[in-house]
Amino acid sequence: MEYDNESQSNNSDASEGRAPKTKGSTSVTDLDPVKMYLKRIGTVSLLDREGEVAIAKRIEEGRIALYEALFSCRAGVKAL
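Each step along the sequence shown adds one to the number in the working numbering, with nothing skipped, and position 3 is 409.
Hint data in this document are derived by calculation from the structure and do not stem from the laboratory.
Just so you know, not all the hints are guaranteed correct.
Just the calculated beta-carbon pair ranges, DEER-fashion [to be verified]: (1) 483 x 437: 47 to 57 Å; (2) 464 x 439: 30 to 40 Å; (3) 473 x 447: 30 to 40 Å.
Every residue, glycine too, gets a C-beta built ideally from N, C-alpha and C.
Could you build the full structure based on these sequences and the hints that come with them?
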């Protein structure tokens, strides 16, 4: 008995618990939001030490600017 490659791959998918893939359709696993998220974040480069330090400095500068603006007006001081 002869099998073509497509029917063999469909059979192996079904035996492994995956939905068989057919042309023009998407399987349930292709629509899994967790898998889609993990696939997408896998392409994003991570910060190195210098990048983390630069972001931390920007956050601290923003926090200082916020406090300066808040304490420079009476309404801000009264609110606290």
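So, going through the hints one by one against the coordinates:
Checked against the given bound of 47 to 57 Å, the beta carbons of residue 483 and residue 437, roughly 54 Å apart, stay inside it. Hint check: residue 464 to residue 439, Cβ distance near 31 Å, so the stated range 30 to 40 Å holds. Under the hint 30 to 40 Å, the C-beta atoms of residue 473 and residue 447, about 34 Å apart, fit the expected range.
Of the numbered hints stated above, none is contradicted by the structure.
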